[in-house]
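I would like the entire structure built from these sequences, with the hints used as guidance.
If you read the sequences in order, they're chains A and B. Letter by letter, the first sequence follows residues 1 to 171 of this note's numbering. Letter by letter, the second sequence follows residues 1 to 111 of this note's numbering.
Source of the hints: derived by calculation from the structure; they are not laboratory data. These figures come from a predicted structure and were not determined experimentally. The beta-carbon is built from N, C-alpha and C at its ideal position, and this holds for glycine as well. Some hints could be false.
[Stated by the list, open to error] Here are some chain A residues pointing at chain B (derived, C-beta under 8 Å):
| # | residue |
| --- | --- |
| 1 | D12 |
| 2 | E49 |
| 3 | L105 |
| 4 | I133 |
| 5 | E138 |
| 6 | F140 |
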Amino acid sequence: MAGKRFDFLNSDETITPVLKQILEYIKSALPAIVNTDDTLFKVKIIITELLTNALKHSHSKSTIIDVKITNKILTITKTNYSDPLVLIAKTNVTRDRVAITKDMLHTLYAKSTAKDQVQFLCEENNIDETSSINDIIEHFGLLIITKAADIFVYTYDHHLGSNTFVVTIEY
Amino acid sequence: MIKLIKDEANHQLIEITVSEANLENADAFKLQVIQLLDTHAKSVVIDLNNVEYIDSSFLGALVAILKHAIAMKKEVILINLKKDVHDLLLLIRLDKVFKIYSNYKEALTHL
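Encoded structure:
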């Protein structure tokens with residue numbers, strides 16, 4: 001197993017340098033036979049959105065990105081320390097999935113997988129005569145990560161006060 | 001951020017001048033294009049040839065521009081998308097709502 005930790009200082013000018021470092025590392029660590037173009041495209045959009053999300057919503061000064069590569073599985077974990085996502089309060093009281101956003105193209109859900117833990121899931125919606133472009137969401141971050149990842153899970157740890165986003169990609 | 005390339009009777013061709021279309025420049029881009037729409041009331045063809053990568057914030061800006069244009073009964077057309085940019089739009093199905101063409105010549109046949 002290969003792995004490496006990257007520290008991201010939450011500022012917009014550091015997104016590109018950190019992203020380049022992570023991509024270089026993954027490129028060098030993936031087995032030579034892997035179709036790296038497809039995997040690196042997914043990694044690039046996922047990490048960009050994880051870092052952008054940290055910048056927009058986290059009140060902490062830094063974010064940790066851990067990358068692990070095992071046999072056919074690439075895991076990206078983002079950790080920061082701030083308040084939990086609001087949706088945790090909803091998903092802790094229901095076993096059903098909760099719709100976070102819905103428009104003519106997609107419905108994005110959070111499904112409780114344990115206390116203080118959700119998995120993000122997405123369904124593509126049928127477009128018909130009732131569909132309206134005016135209803136399309138303008139916030140695509142979680143949707144992009146959910147669709148690019150094979151599994152995308154968020155956990156809040158009350159004891160540590162940590163938010164952890166774990167993205168799994170099969171390559 | 002944007003450069004006006006052509007000002008035709010029914011549309012304007014603009015080029016995005018940055019290579020990383022992201023959180024840093026999304027709001028400025030949205031304001032500039034909406035200002036163009038409000039001032040000239042013409043459809044807009046956006047050339048993304050210089051854009052190597054686009055993030056969710058910039059995609060949000062593009063959708064906001066599209067909604068604004070539709071309310072004015074105008075069009076927003078995207079041209080010259082790099083593979084990664086096009087793949088990202090396909091991933092989140094924005095190809096279902098934007099008119100996307102390979103180049104300006106092709107876009108002209110639909111204007």
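- Task: Taking the numbered hints from earlier one at a time, note which ones the structure violates and give those numbers from smallest to largest.
- Result: none
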